[in-house]
Amino acid sequence: MNQPLIEFDRLSVEIHTKAGIVRAAQDVSFSISAGQTVALVGESGCGKSISALSLMGLLPSAARVASGEIRYQGAPLTGQPRETLRRLRGNDLAMIFQEPMSALNPVLTIGEQIVEPLIKHQRLRPKAAWVKAVALLDKVGLARPDKIAESYPHELSGGMLQRAMIAMSMSCQPKLLIADEPTTALDVTISAQILDLLQTLQKSEQMALLLITHDLGVVAQMADFVVVMYAGRVVESGPVRAIFKHPQHPYTQGLLAARPVPGARLARLPSIRGQVPNPMNLPEYCSFAERCDQAQAQCRQGQPEYVSLGAMHQSACFVVQKREFA
Amino acid sequence: MRFFSSKMRQRQDIALAASLTPMRQALRRLRHNRAAMSALIFLLLLIAVCLAGPWFSSWQLDTTNALQSRQAPSMDHWLGTDFLGRDVLTRLMYAGRISLTVGLISVVLSVALGFVAGALSGYCGGWIDSLIMRVADLLMTIPSLPLLIALGALLSELKIEPEIRIYMVMLMLSLIGWPGLARMVRGQILSLRERDFMLATEVLGLSLRRRLFGHLLPNTVPILLVVATTGVAGAILGEASLSYLGLGVVPPTPSWGNMMDSANSFIDFKRRPWLWMPPGMAIFLTVIAINVLGDGMRDALDPKS
Amino acid sequence: MPLSMRLAIKLFIRVLVCSLSVVCCVHAETIRAPDPSQIPAEAKARKNTLIATIAAPQGVFNPYLISNGWDENVTAAIFGNLVGLDRQGKPVSDQAESWTISPDGLVYTFKLAKNLKFSDGSPLTASDVAFTLTFLYDPAYDGETDISLAHIKGGDAYKKGAATSISGIVVINPQTIQITVTEPGATTLTRLGGPILSKAYYGKNYQKGKLESLRALSNKPIGSGPYVYENFVPGQEVRFKANPYYFKGKPAIENFIYRITTDATRLQLFQTGGTDIESFPVNSDNIEQLKEMGFANIHVYPSSDFSLIDFNHKKPYLKDARVRQALIYGLDRKKLVDLIYQGNGSVANLPIAPLSWAYNPSGVNTFLFDPAKARALLDQAGFKPGKDGVREKNGQRLSLTLLATKSQFNDALIPIAKESYKAIGVELNAEISDFNALLAKRKAGSFDLATYRTSGLSDPHDGVKDFRTNENKFGYGNPKVDDLITKGNETSNITQRKEIYHQLYQVLANDPPCIFLAYRNILSASNSRVTNYQPNIYLGLTGILPELRLTGAK
Amino acid sequence: MLAADITGRKFTAMRAFVLRRVLAAIPLLLGASLLIFLVFAFTPGDFIDGNINLTAQRAAELKALYGLDQPWWLRYLHWLEKLLHGDLGFSMQYQIPVTELLGQYVFNSFLLASVSMVLYWGIALLTGVLAAVQPYSLFDRLLTLAVFAAMSFPVFFLCLLLIKWAAVDLGWLPVGGMLATGSDTRGWAYVHEVAIHMVLPVITLVMLQAGGLTRYFRASMFEALAMDFVRTARAKGLKERTVIFKHALRNALLPMIALAGFELPALFSGAIITEKLFNWPGVGHVHIDTLAARDYPVLMAFTLFLAALTILGNLMADIVYACVDPRIRLR
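Chains as they are written, first to last, in our numbering: chain A, 207 to 532; chain B, 2 to 306; chain C, 166 to 719; chain D, 5 to 335.
Keep in mind that the hints were calculated from the coordinates and are not lab data. It is possible that part of the hints are untrue.
[To be verified] Partial pick of chain B residues on the chain C-facing surface, computed with a CB cut under 7 angstroms:
1. D63
2. T65
3. S70
4. A73
5. P74
6. L85
7. G126
8. G247
9. V251
10. F267
11. I268
Small disclaimer: the values here were computed from a predicted structure and weren't measured. Ideal Cβ placement from N, Cα and C applies to all residues, glycine included.
When you get a sec, could you build the whole thing from the sequences and use the hints?
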């Protein structure tokens with residue numbers, strides 16, 4: 207049987223604020239197979255991080271899953287007792303974050319932070335856990351790992367810290383690693399190294415990787431499958447080649463066009479006009495319609511359905527719909 | 002290879018904030034805080050009653066009446082009379098004026114002192130900073146109550162009209178209060194000074210005064226407001242404690258603090274609650290209201306929460 | 166040696182005691198406990214221990230080194246006096262069995278009681294008396310006792326180092342001592358007849374000019390009084406045991422404790438049986454509360470102090486006796502007394518308490534509250550109402566500053582005085598400070614009026630001595646007054662003195678040196694398990710301590 | 005840049021830092037003593053003035069004996085000279101050395117204050133953390149209200165209320181003092197007796213102090229819980245308790261250390277009114293008494309003691325901060 211590792215099934219997340227309800231994610235559906243790399247792409251605030259956090263069961267207290275569910279190996283994750291989720295976290299599902307500097311506790315040494323999941327989930331004795339932690343640090347390519355383990359976060363550089371974060375997340379050989387913009391805060395050269403490391407580890411450990419990013423270069427390099435989100439919705443998803451070669455949704459097209467291509471000297475990069483709509487009051491129709499050059503009357507009348515565009519490739523757009531079924 | 006330029010993100014932020022300046026945003030948030038708003042309304046009502054109330058009272062502030070001493074509340078005297086036969090309600094309202102004024106003025110004074118000292122210290126740096134901070138250290142080192150007691154006796158030596166003793170109480174409270182605030186303002190200024198916009202004012206060649214008051218002050222206003230609000234509560238309580246030690250507002254001028262003196266007599270405390278309950282409740286409710294309001298303001302000014 | 170005059174004035178005098186005499190409108194009365202069965206268990210359980218109360222002893226238990234009245238209460242129990250006082254303040258024999266005074270009033274011969282011993286069993290002899298008086302002339306002596314007022318012959322020479330002993334002090338035999346003074350004085354007898362220090366104990370390492378060794382014994386006192394000092398728990402209590410060597414026989418109650426209480430706790434402690442004898446501000450509330458307890462004997466008895474307002478006679482506008490009289494007529498003292506003491510005080514017109522043998526108000530102007538008369542007097546003095554209603558003369562407004570401390574009495578006095586003075590065209594501003602600052606300011610002369618309460622006064626001379634021209638710091642002077650005060654002090658015959666003081670009081674009323682405000686009663690309560698307790702201000706608790714008994718004691 | 009040498013370097017830096025701070029404290033203390041002396045010197049009245057029965061002549065004699073007739077600066081120099089010889093002076097009122105006098109009372113104050121401090125820090129920590137974990141919940145709101153209420157009592161009023169309710173009306177607890185009169189208890193019975201007497205004053209102090217502190221803890225914890233590393237800790241699958249107490253609280257405590265530095269002197273000066281009302285034999289009411297009597301040696305010594313404690317408290321806060329927060333380098 208070919209059951210996906212993770213399935214997002216029409217997941218909707220709402221955040222309750224004093225000013226009103228923010229619909230942070232709506233009807234998000236996609237799946238991740240074992241060992242696969244899925245890239246989640248979109249602007250800040252489009253709902254990628256919220257989706258990932260709801261997978262981890264780490265939604266902020268004001269947010270809640272309004273409908274839909276996430277399944278892990280076929281079993282629903284959403285609605286499970288917190289304790290069940292907690293046991294999965296760090297063990298089967300691991301996550302690394304954008305700012306390694308702030309994601310590590312400043313008052314604990316690196317080693318102390320790595321041994322925690324080892325002791326918690328793998329029931330290692332503290333000494334054994336420490337040995338393993340040093341080994342993990344070695345594995346992520348840090349020189350003098352024993353010294354690093356005794357250091358505090360502020361004594362290390364951003365790249366080193368992100369490696370340490372990766373070591374920490376890898377400690378229990380997770381089945382899925384979520385990397386939330388893992389290189390955004392790093393220098394270009396360092397970020398390339400980190401991505402390499404992630405790729406190597408993913409291969410050797412045979413784990414799935416959910417890569418959240420807005421960097422299409424990274425996507426092209428790493429991903430097997432791409433999910434594009436806009437204003438809380440998945441607008442297009444498909445295998446990486448299909449998305450890059452044949453982007454269907456005007457938003458995806460816009461994104462790709464706005465990407466500088468080496469060698470192509472344009473006077474000005476094309477950009478998407480207009481602004482992201484206020485998440486507090488999203489329109490009851492396609493939320494990209496106001497910025498879309500191809501928008502038609504229909505686009506302002508309702509939410510587009512998904513259109514299947516071949517193997518695993520689908521998009522939610524009236525324009526595409528029309529074109530396909532024309 | 003980033004496809005969202007940082008400019009674009011900035012534009013988003015601006016767009017979100019464009020319609021509302023931070024101050025207005027804060028005010029809007031405050032208006033939605035029900036607790037803070039009820040506190041504010043309570044305080045406004047209280048001030049109104051204290052200001053206008055005595056006009057409608059048929060009793061004089063200071064007229065003693067041996068025949069009407071310590072009367073329980075009645076239709077004539079809504080809150081009874083004190084041991085000299087004076088109307089408690091009338092005195093309570095006058096006392097409210099005094100206590101609130103003491104609170105307000107002492108805070109305004111210490112905030113002003115604290116701000117100027119802290120701002121100069123933070124902005125000028127160098128020896129001015131050292132000097133001001135050493136003085137602040139010195140004042141913080143000296144325990145406040147002994148200093149207040151000694152100052153109280155010392156100040157009474159100066160040939161000051163007794164009515165002005167009230168203002169000396171305020172002065173004393175603010176003399177004690179400024180160093181903490183100065184440190185806070187200095188810290189604030191130090192971090193603000195490093196921001197780009199201050200660099201810009203320097204590039205533009207604005208004068209120190211203009212930079213300080215035109216650009217730095219407005220940025221420290223929120224925190225000052227919060228501190229000042231809770232400071233008023235502190236000063237009202239402080240005045241009450243000083244009155245207990247006989248250093249506060251001097252009778253027969255009433256203040257909530259010295260009206261509560263009667264609670265010191267155990268008998269009055271037990272049998273004549275109308276002597277101490279009204280000023281006690283007045284202090285209690287006012288201080289709670291001010292604290293709730295201050296808390297609401299803090300929440301409103303701090304978008305993080 | 167003044168007998169108990171150092172009590173801080175703002176505090177309540179707690180030397181507790183009783184009086185049978187009913188004088189004037191201030192009278193003593195005892196209300197018996199209606200229901201002694203209600204004695205709290207805590208008190209009942211205390212078989213042979215009496216607990217009285219005290220406010221703030223400081224641990225200086227040497228009668229000549231003390232700096233506060235509370236410590237004096239402690240030392241009084243340990244040391245006693247050579248000369249005591251009776252219930253009207255007249256000197257009576259105590260540890261001195263008898264004495265004679267030469268007709269010129271300059272030679273005092275004391276005969277000590279037989280069996281007089283210190284609590285360590287050693288005898289108290291005339292040489293101990295000599296030692297004590299000589300010690301007070303030590304140049305390094307920094308205590309508050311001013312022996313120079315007794316004018317012992319040769320004292321100054323000793324102090325200045327011109328002599329090695331005091332020529333006026335002669336030990337005739339172990340039981341007899343003769344003291345010669347250079348000036349007669351009515352208070353000399355009590356000054357000479359104070360507590361006695363043991364020469365063997367206190368004089369052991371003492372040398373003239375070096376008080377350290379003596380000072381070091383302040384927390385280990387040995388005296389000849391009814392009780393022996395046991396220990397002091399700072400801030401909590403002082404404990405005593407009955408003195409087996411006490412010359413009148415060992416007191417009946419074995420243990421005696423002074424417990425420290427505060428205004429906030431005294432009523433509750435008494436009610437729960439934590440204390441046996443306690444004093445309270447005198448008012449009908451407190452009396453009623455005590456009555457409700459059932460087990461309390463309630464004693465109301467006159468105090469020997471009085472409250473007053475000093476004039477600063479150096480101010481030109483207060484030089485005129487008419488202005489001063491107007492300020493007395495214009496002040497509603499009756500209202501003040503009624504409000505504060507609620508029937509347990511009276512308006513004062515003489516500088517002596519009604520309890521004293523010297524009190525005689527007949528023919529003395531009573532200055533009944535009379536605003537019209539006050540206005541008339543001010544008019545006569547040339548002070549006419551100005552634009553704002555405040556009287557003025559030659560541009561000098563009658564706007565007066567009153568120095569006061571913070572007390573409930575003054576909380577009433579100030580508004581009443583303000584109100585009644587406003588009605589006669591005098592503006593009054595009050596300035597509140599602590600007592601120490603008040604006295605300092607008064608001394609510096611920066612005031613118009615200053616109010617306070619005197620300490621307990623036993624001899625009428627104490628009430629008037631400051632009115633003499635050369636003693637008065639505030640410019641009061643009246644030759645007739647001077648003359649009468651000196652006469653009253655030089656005579657020791659009580660009948661003659663009575664007459665002199667009666668004349669003096671009449672003269673003072675016409676040229677008032679100050680405004681006398683009020684006499685008051687003291688309210689004390691005793692647990693009804695304590696018997697024989699009849700408090701009197703002159704005797705003090707110590708004076709009656711040996712007579713007290715406890716019901717149910719072994 | 006590695007931990008072992010960092011620790012070593014830190015220790016050396018710490019020594020230099022402490023030394024420098026102690027040296028810097030000396031002029032501060034001198035300044036404070038001068039300022040206090042001036043305030044007291046110009047306060048009207050002195051020890052002798054307070055005695056109304058003295059004749060002018062005797063008063064002058066006594067002033068000369070006590071040196072009160074000298075100009076203030078000379079008196080200050082005398083006082084300073086003695087201080088440098090380790091002599092805090094002799095109490096005029098109590099007739100014993102100041103050190104001995106304070107020794108009699110300081111422990112009682114310290115006992116009362118330290119017990120209250122442990123309690124209110126504990127309470128504030130617990131409630132502050134709980135409130136921060138569930139912000140704007142019913143618990144948080146109720147707590148906020150309770151905290152504000154407790155903070156809004158004038159001290160003496162609270163004391164009186166407690167005496168009336170707990171001690172008199174209900175008769176549960178002793179009214180005041182530290183021991184029952186004439187008590188001779190020893191050992192555990194003594195501890196029990198003192199503990200019973202402490203309940204009311206401790207409640208007062210805790211009520212007055214815990215409120216503000218709870219707010220601080222809540223704010224600090226609230227901020228810490230919003231930090232990224234807390235999310236990381238959760239992502240590791242740690243128990244919520246571990247996340248809150250090991251990761252968030254440790255960081256939330258850092259800013260509180262500075263506050264704790266001020267607690268040391270506040271221990272002594274903050275309880276003056278409470279001590280007075282509950283008749284607690286502490287140094288606070290000795291202080292008020294000596295002030296009324298103008299017993300300068302005691303006043304100076306006590307005030308300076310508090311000043312020194314303030315400086316010490318701050319120094320200790322800085323050191324603790326440096327020990328707890330690896331990011332801080334001592335300068």
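So which hints don't hold here, by number, going up?
-> 4, 5 and 7
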